[in-house]
Amino acid sequence: MTITARKGDPMIIIATVTVFFMLGAAVSIFFFKDLMNAVVASSLVSLTATVLFFLLQAPDVAMAEAAIGVALVTGIFVIAIRRTERFEK
Amino acid sequence: MRDILSFRGFVALFLLGIIVAGISSAVGQIPFGQPDSEVGQLYLENGLQDTGAPNLVTSVVAGYRALDTLGEVVVLFVAATGLSAVLATSKRRVERELEDASLVLKTGCRIFFPLILLFGAYLFIHGHLTPGGGFQGGAVIGSAFLLVYLGCSGRRVSADAAGAIESLSGFGFVFLGLLGLLVGGSYFLSNFLPKGDLYELISAGIFPLIYILIGLKVGSEFAGIVDSMIEESK
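Chains as they are written, first to last, in our numbering: chain G, -5 to 83; chain Y, 287 to 520.
Be aware that a few hints might be false.
[Said to hold, decoys possible] To list a few chain G residues with every Cβ distance to chain Y over 10 Å, as calculated:
(1) V11
(2) F14
(3) A32
[What the hints assert, rightly or not] Chain Y is nowhere near these chain G residues, computed Cβ spacing over 12 Å in every case:
(4) A9
(5) M16
(6) V34
(7) A35
(8) L46
[Unchecked claim] Some, not all, of what chain G presents toward chain Y, calculated at C-beta under 10 Å:
(9) P4
(10) A56
(11) A58
(12) I70
(13) I73
Rather than coming from a laboratory, the hints here were simulated on the basis of the structure. Because the structure is a prediction, the values reported are computed rather than measured. Where is the CB? At the ideal position from N, CA and C, for every residue including glycine.
Starting from the given sequences, assemble the full structure and let the hints guide the process.
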């Protein structure tokens, strides 16, 4: 069983754009001084991972990533930031 | 940025480079798309006949690898228990004035909370037919409670009820497994109920029961985690 990808397949193009968007969001987390922005960027990483899982035909995993990565982890980080400090020194 | 340019930053980057090179050279040797093991192919070919569940992921998670799923549920249970134990012992509570949620958030919370609960329940009840399952449905239910805590201030989950649902569903999962051992014969968590018709809601034996129990357990665990974190942060 081999998986082949044709050149110019629209799926490949969408997946490539998504991966670069995900990379950009992941790198931008590092540069934010406002931790709330960093949390939103990290939830964007999870959101693009959800799209990627869906493109790779794994809707089960996409659902788990959407519920846990986008909603619950972000919520828990927001609660933690509210308890500590919002701005990085 | 200043941290990167220091000596420690260079050492960290160097070590990171070694790790990246090692992982990429190791992963590069694995032939992509050509699995060594034949067990996946076996599941793909026989899953539908063996279990009667159209969703193949379910037939692996709740059927072939049900024991691993029990382990996963136990891991989540231990994590939730540890979190609440750690948070319960720290007595340093800061009373803080919370600003009220806006009208949009309040109204949205009131409208969306039952819908999200319904969607989560749908996910785990139909787990053997459509994508989704106990963990996904439970996580969706947990996020619904997160919305309530953020939007409708003052409403709380009863910790006793969440604990009771969690314990009962965990007990039910193990009980189903032992019943399978008793009635079905050969192994723990064997599928002893009739498979029924394909694509029917009540089909695939004990899979819907297992997924409902897992969904309730995971949902109440996540609700409890959110509850203890919010309570601590007030």
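If any of the earlier hints don't hold here, list their numbers in rising order.
-> The structure breaks only hint 9.
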